[in-house]
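Trainee: Here the protein sequences come in this chain order: A and B. Per my numbering, the first sequence starts with residue 1, numbered consecutively. Per my numbering, the second sequence starts with residue 188, numbered consecutively.
Quick caveat, the hints were computed from the structure, so don't treat them as lab data. Small disclaimer: the values here were computed from a predicted structure and weren't measured. Treat the hints with care, since some could be wrong.
[Stated by the list, open to error] Taking lysine-lysine and the DSSO-like style, the derived pairs with C-alpha atoms no more than 27 Å apart in a straight line are: (1) A/Lys-164 with B/Lys-327; (2) B/Lys-375 with B/Lys-348; (3) B/Lys-375 with A/Lys-100; (4) B/Lys-327 with A/Lys-166; (5) B/Lys-221 with B/Lys-191.
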Amino acid sequence: MILIKLFWSFFQIGMFSIGGGMAAIPLIQNQVVNLHNWLTLTEFTDLITIAEMTPGPIAVNAATFVGIRIAGIPGAIIATVGCVLPSCIIVSLLAWVYFKFNELTVVQGVLSCLRPAIVALIASAGLSIFTLAVWGEGGFSTNPQTINFISVLLFTAAIFILRKWKPHPIYVMLGSGIIGGAIYLLI
Amino acid sequence: MNHKNNTYIKLFTSAFYLSAFTFGGGYVIIPLMKKKLVDDLQWIEEDEMLNITAIAQSSPGAVAVNAAILLGYRVAGVLGALVTVLGTVLPPLITLSVISIFYTTFRGNTVVNAVLKGMQAGVAAVIADVVLNIGRNVLKQKDIVSSVIMVGAFFAAFFLKINVIYIILVCGCIGAVRFLIRMEEVQKGDDSQ
Numbered sequence: 001m002i003l004i005k006l007f008w009s010f011f012q013i014g015m016f017s018i019g020g021g022m023a024a025i026p027l028i029q030n031q032v033v034n035l036h037n038w039l040t041l042t043e044f045t046d047l048i049t050i051a052e053m054t055p056g057p058i059a060v061n062a063a064t065f066v067g068i069r070i071a072g073i074p075g076a077i078i079a080t081v082g083c084v085l086p087s088c089i090i091v092s093l094l095a096w097v098y099f100k101f102n103e104l105t106v107v108q109g110v111l112s113c114l115r116p117a118i119v120a121l122i123a124s125a126g127l128s129i130f131t132l133a134v135w136g137e138g139g140f141s142t143n144p145q146t147i148n149f150i151s152v153l154l155f156t157a158a159i160f161i162l163r164k165w166k167p168h169p170i171y172v173m174l175g176s177g178i179i180g181g182a183i184y185l186l187i
Numbered sequence: 188m189n190h191k192n193n194t195y196i197k198l199f200t201s202a203f204y205l206s207a208f209t210f211g212g213g214y215v216i217i218p219l220m221k222k223k224l225v226d227d228l229q230w231i232e233e234d235e236m237l238n239i240t241a242i243a244q245s246s247p248g249a250v251a252v253n254a255a256i257l258l259g260y261r262v263a264g265v266l267g268a269l270v271t272v273l274g275t276v277l278p279p280l281i282t283l284s285v286i287s288i289f290y291t292t293f294r295g296n297t298v299v300n301a302v303l304k305g306m307q308a309g310v311a312a313v314i315a316d317v318v319l320n321i322g323r324n325v326l327k328q329k330d331i332v333s334s335v336i337m338v339g340a341f342f343a344a345f346f347l348k349i350n351v352i353y354i355i356l357v358c359g360c361i362g363a364v365r366f367l368i369r370m371e372e373v374q375k376g377d378d379s380q
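The shape of chain A in the complex, shown without the other chains (with noise of 0.2 Å):
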């Protein structure tokens, strides 16, 4: 049963998660975070972490993470699957389009409405990260005593050096990991 929810689960974040790269985060947080409760918030961003520091696109790592947690190696493996598994139906459906009508602008045309709600999907998932970092699991307070001032003092670090100098972001990832993590253990 849970293999089932699982490949399910993998199954829909393959079919929505459109515009690559971090398009998959909000899929991912909403069916493993939202609607299941298999990680929570701190080890979902654990996750986003170590998944923008490994190779591989994140739904695969997500979907590796996530099954040998919840059922161990097999689901794994049948996570991967599923969300493995639209890219190979869609793709085969739009390649045969593509080669007989020569062009893809419907779906052209459908992607120019997904890019703009992509993103604010992305800013959703990655301020909900951000409260993470400065609130803790508690939420959003108006108290400024539950605000974590070195992890406001971090981001606002990471994001400058990101803007003016853009590196590559595993390294803004280690440096505020070591930074951070040293400031943390000395205080």
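On the provided structure of chain A, position chain B as indicated by the hints.
Mentor: Same frame as chain A, now just chain B:
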């Protein structure tokens, strides 16, 4: 038969190698796939690679997986597609399996905990950076519908907590309707000439 087996092995090792050593997903891996299959092995024509890229980026799912399916199929049929998908998926499957075992064991460790807490701010910044880049491009188009969709989708997801799948479906439908209206306008324009 032997030659055929060699093709499968070569497809698998190429896909495995590219997937194992490419950090940063589809947009980085496609140029590398092109280098391997078009320039080095010369199994695919340059033009065809462009088509494959367009289809891979228009389909849902991971761009790297989509491209792997198309390239595998083009070189060696359905079995070829299976072989390249397996080659693309195995490296992250193995890596993350190992990491998740370590994660479960060491998540409680004080040092690991401190480093991961530090990384939360970093990963939030990385996501914010990507959102700023794409968001600015959307606003630059000066297209009201796109801007409204962006703000509306954010509001629906973050404040109203509407299931993201419904948001994607609705925006996809808006895109389809908008496309059909434009097509009709183009046709009317042609008729009146």
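Trainee: All hints, please: hold or fail.
Mentor: We went through each hint and held it up to the structure:
1. Our distance criterion of 27 Å between C-alpha atoms is met by A/Lys-164 and B/Lys-327, whose separation comes to about 20 Å.
2. This hinted pair does not check out: B/Lys-375 and B/Lys-348 have alpha carbons roughly 41 Å apart, beyond 27 Å.
3. Restraint check: the Cα-Cα separation between B/Lys-375 and A/Lys-100 comes to about 26 Å, which is no more than 27 Å; the hinted pair holds.
4. Our distance criterion of 27 Å between C-alpha atoms is met by B/Lys-327 and A/Lys-166, whose separation comes to about 21 Å.
5. Between B/Lys-221 and B/Lys-191 the CA atoms are separated by roughly 21 Å; this keeps the pair inside 27 Å, and the hint holds.
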